[in-house]
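In order, the protein sequence lines correspond to chains C and R. Once you know that position 96 of the first sequence is 96 in my numbering, the rest is easy, because the numbers rise by one and skip nothing. Once you know that position 31 of the second sequence is 31 in my numbering, the rest is easy, because the numbers rise by one and skip nothing.
Worth flagging that the hints you see were computed from the coordinates, not collected in a lab. Misleading hints may appear alongside valid ones.
[Stated by the list, open to error] Covered stretches of chain C, as calculated for chain R (at least 3 residues, CB under 8 Å):
| # | stretch |
| --- | --- |
| 1 | 69-80 |
| 2 | 84-92 |
[Unchecked claim] Over 10 Å on every C-beta distance to chain C, these chain R residues come out as not near it, computed from the model:
| # | residue |
| --- | --- |
| 3 | T4 |
| 4 | R14 |
| 5 | R19 |
| 6 | G62 |
| 7 | A67 |
Since the structure is predicted, the reported quantities are computational estimates derived from the model, not experimental observations. Virtual Cβ for every residue (Gly too), placed ideally from N, Cα, C.
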Amino acid sequence: MSSTENPIREALEEAISEHDVLLFMKGTPEQPACGFSARTVATLEALGAPFAAVDILPDPRIRQELSGLSNWPTIPQLFVNGELVGGCDIVMEMYESGELAEALGVQAPAQAPDHAPQAAEPGAPPLQIEGLRPPAG
Amino acid sequence: MPTTDDLKTRIEARIPDARAEVTDLTGGGDHFRATVTSPAFAGLSRIAQHKLVYDVFGPDIGGPIHALSLSTRTQ
Chain C
1 MSSTENPIRE
11 ALEEAISEHD
21 VLLFMKGTPE
31 QPACGFSART
41 VATLEALGAP
51 FAAVDILPDP
61 RIRQELSGLS
71 NWPTIPQLFV
81 NGELVGGCDI
91 VMEMYESGEL
101 AEALGVQAPA
111 QAPDHAPQAA
121 EPGAPPLQIE
131 GLRPPAG
Chain R
1 MPTTDDLKTR
11 IEARIPDARA
21 EVTDLTGGGD
31 HFRATVTSPA
41 FAGLSRIAQH
51 KLVYDVFGPD
61 IGGPIHALSL
71 STRTQ
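Isolated chain C (complex conformation):
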């Protein structure tokens, strides 16, 4: 299939290239729909790192195309400067080691807790992925 026949994948690639820090998640930063997504959002917000978010739930093709693109089977997926950094586990480990702040180009807060935060705070509005058509019928 040529890329011109795959508007969802094109929209995903465009979103990844246009946002320095992009999180694909279930739900929104304000209302995460999965505990792993919630923890990842809370961790990014604990570092005060600006990030864009895409909710993969509205259309199953978003997740399908994303996992095809990234070769990573689970959600969430954090991209920094166009590269997949990891899912929830890797983001937590990198937060606790200080590598996440470094990767995001932010200062780790002086009072940062040893363990990654559990809950989500309100954050950036989600992006809309273009190229989706309403379900037939």
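Since chain C is already given, all that's left is putting chain R on it; use the hints.
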């Protein structure tokens, strides 16, 4: 429904000299956590290490295995 022993066996069969500890996070047989130790991870990024483990299960991740939380170590 996969069991912790199924996951452990599959990981240890596919990744050289791997030792895996697998727990069922919810008791429901679909959310698991695995700590995998293998010298095969040496020199690989975390992403590459986790991909080696995910590759053991292929499409089962997101299918019968709803979530597999990972921690990988070289020793």
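Please verify that the nearest CB of chain C lies beyond 10 Å from R/G62's CB. 6 Å, violated
Hey, is R/A67 genuinely clear of chain C, shortest beta carbon separation above 10 Å? 7 Å, violated
Is it correct that the beta-carbon of R/T4 has no partner in chain C closer than or equal to 10 Å? The claim stands: R/T4 keeps its Cβ more than 10 Å from every Cβ of chain C (closest is about 17 Å).
Please count how many residues of the stretch 84-92 of chain C have a CB within 8 Å of a CB from chain R and say whether that reaches 3. As far as the stretch 84-92 of chain C goes, the hint holds, because 7 residues have Cβ atoms under 8 Å from chain R.
Would you say R/R19 is clear of chain C, with no C-beta pair closer than or equal to 10 Å? Fine: 18 Å to the nearest Cβ keeps R/R19 off the interface.
Examine the stretch 69-80 of chain C for residues whose CB is less than 8 Å from any CB of chain R, and state whether their number is three or more. Holds, because 4 residues of the stretch 69-80 of chain C bring their Cβ atoms closer than 8 Å to Cβ atoms of chain R.
A cut-off of 10 Å on Cβ-Cβ distance, and R/R14 was said to be off the interface with chain C. Does that hold? 15 Å, holds
Of the numbered hints stated above, those contradicted by the structure are hints 6, 7, listed in ascending order.
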